[in-house]
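Combine both chains into one complex, guided by the hints.
Here is what each chain is made of, one letter per residue.
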Amino acid sequence: SQKIEQNSEALNIQEGKTATLTCNYTNYSPAYLQWYRQDPGRGPVFLLLIRENEKEKRKERLKVTFDTTLKQSLFHITASQPADSATYLCALDIGGNNRLAFGKGNQVVVIP
Amino acid sequence: ETGVTQSPTHLIKTRGQQVTLRCSSQSGHNTVSWYQQALGQGPQFIFQYYREEENGRGNFPPRFSGLQFPNYSSELNVNALELDDSALYLCASSSPGQVKNEQFFGPGTRLTVL
Numbered sequence: 077s078q079k080i081e082q083n084s085e086a087l088n089i090q091e092g093k094t095a096t097l098t099c100n101y102t103n104y105s106p107a108y109l110q111w112y113r114q115d116p117g118r119g120p121v122f123l124l125l126i127r128e129n130e131k132e133k134r135k136e137r138l139k140v141t142f143d144t145t146l147k148q149s150l151f152h153i154t155a156s157q158p159a160d161s162a163t164y165l166c167a168l169d170i171g172g173n174n175r176l177a178f179g180k181g182n183q184v185v186v187i188p
Numbered sequence: 182e183t184g185v186t187q188s189p190t191h192l193i194k195t196r197g198q199q200v201t202l203r204c205s206s207q208s209g210h211n212t213v214s215w216y217q218q219a220l221g222q223g224p225q226f227i228f229q230y231y232r233e234e235e236n237g238r239g240n241f242p243p244r245f246s247g248l249q250f251p252n253y254s255s256e257l258n259v260n261a262l263e264l265d266d267s268a269l270y271l272c273a274s275s276s277p278g279q280v281k282n283e284q285f286f287g288p289g290t291r292l293t294v295l
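Residue numbers (this note's numbering), protein chains in the order written: chain A, 77 to 188; chain B, 182 to 295.
Chain B on its own, in the form it takes in the complex (with noise of 0.2 Å):
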């Protein structure tokens, strides 16, 4: 059990809508990145927050955005949702510094654009 959350687990939308995904960090970490699995594929980087300010972007489009809170919490925002939007969405959180650089991963939030 590695202390990391995320709601909602499952999530169905459809083209057009927007959606907001929640990830609380392991007790410790003030970075939370976030990732996009698509079905068969390796984790896609979309973006990493540190002490509430972005700190690295992948190759996603502005409609992909976040926020960080004071409590190292993050939630993720994608607007216009395509379809191709559909995957496992991963947080993951660590703290820079740390020996191993090891990331604690969420279980993820399935989304589903329809």
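Excised from the complex, chain A in its bound form (with noise of 0.2 Å):
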């Protein structure tokens, strides 16, 4: 069957470190990947998008990877804010014309 897995546990991180997320999907053959920030309440906010051609990609202090042989994309949060504090999904294309499949998401604590 079809998975799309993030890690359900909280990370707890300090503020300055770098916070590393995983997405790892089974049975998915996307053209693209997708990174969304989610605070409590609100809907997802659209940080980044890697398509299945590009190793990596950047936007300010955020860096994503995308694996298609290993099935697993990385996001990365450099000299990590409180404000950064949030849950991140993983989303991605489905079929194309931005229809998406979800992850659970992973919550983010920085630590002042």
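These are calculated hints, taken from the structure and not from any lab test. Virtual Cβ for every residue (Gly too), placed ideally from N, Cα, C. Mixed in with the good hints there might be a few duds.
[Unchecked claim] Which residues of chain B face chain A? A partial, calculated answer using Cβ under 10 Å:
{"no.": "1", "residue": "VAL185"}
{"no.": "2", "residue": "GLN218"}
{"no.": "3", "residue": "PHE226"}
{"no.": "4", "residue": "GLY237"}
{"no.": "5", "residue": "GLY239"}
{"no.": "6", "residue": "PRO243"}
{"no.": "7", "residue": "SER246"}
{"no.": "8", "residue": "ASN258"}
{"no.": "9", "residue": "CYS272"}
{"no.": "10", "residue": "SER276"}
{"no.": "11", "residue": "PHE285"}
{"no.": "12", "residue": "GLY289"}
In structure tokens form, the structure reads like this:
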């Protein structure tokens, strides 16, 4: 069956350190993968997209990698700040036209 | 601020009732997708509307139905509500062909079924 797995345990990290989140998937062949941020009671907010032919993408303090052989994406927040505390969702394209399958999300808590 | 709005913010219904949720897409976006997010879970794709036609559906029963209007706003209707329908319902708008394939989500409607 198709699965998208993100670590269910919250990641507690000291301010200034790098947070690394993992997204593993099975039985999907996504053309691209996206990462979203979600704050409590709010809708997800788009952060980054990486395509199947790209290995790495960066945006400010964020970095995403995509390994289609391992079926895995890594999401890094460098120099983390308390304002980065949120749940981060990975999402796979499931047939084009922005139809997405999401993981459960991984909560990040940045401790000052 | 994404420009996607949803109403109502919160809703309480009882089992067996029907509900209609509304979404106004971001200006210029002709595609609206609906997602259901249960507590502690990621959003699950319900269906998508493109130019007033359903354009893809997830694993949801027919009692979940929708509409898209000529101004691209959309409705999600759920009949015969069940307790498990309690969730945050999110709509997201986008425009095919945009480079980033980014979806803009609204704040959601929190539905509680008693």
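Exercise. At a threshold of 10 Å, is the proposed contact between GLY239(B) and chain A supported by beta-carbon distances?
Worked result: holds (8 Å)
For this session: Please verify that hint: PHE285(B), Cβ, nearest Cβ of chain A, below 10 Å or not.
Result: Cβ of PHE285(B) sits 7 Å from chain A, so the hint holds.
Problem set entry | SER276(B) as an interface hint toward chain A, with CB separation required under 10 Å | Nearest chain A Cβ about 9 Å off; hint holds.
For this session: Return the status of the interface hint for VAL185(B): holds when the least beta-carbon distance to chain A is below 10 Å, violated otherwise.
Result: holds (8 Å)
For this session: Could you check if PHE226(B) really has its C-beta closer than 10 Å to a C-beta on chain A?
Result: It holds, given that the least Cβ distance between PHE226(B) and chain A is near 6 Å, below 10 Å.
Exercise. Given GLY237(B) was flagged as interface, is its beta-carbon under 10 Å from a beta-carbon of chain A?
Worked result: holds (5 Å)
Exercise. Against chain A, is GLY289(B) within 10 Å by beta-carbon distance?
Worked result: holds (5 Å)
Exercise. Regarding the hint that GLN218(B) lies at the interface with chain A, is the smallest CB-CB distance below 10 Å?
Worked result: holds (8 Å)
Problem set entry | PRO243(B) as an interface hint toward chain A, with CB separation required under 10 Å | Interface hint status for PRO243(B): violated (19 Å vs cutoff 10 Å).
For this session: May I ask you to test the interface hint for CYS272(B) with respect to chain A, counting a Cβ-Cβ separation under 10 Å as satisfied?
Result: holds (8 Å)
For this session: Grab the minimum C-beta distance from SER246(B) to chain A and call the hint holds if it beats 10 Å, violated otherwise.
Result: violated (17 Å)
For this session: Let me know if the C-beta of ASN258(B) comes in closer than 10 Å to any C-beta of chain A, holds or violated.
Result: violated (20 Å)
Of the numbered hints stated above, those contradicted by the structure are hints 6, 7 and 8, listed in ascending order.
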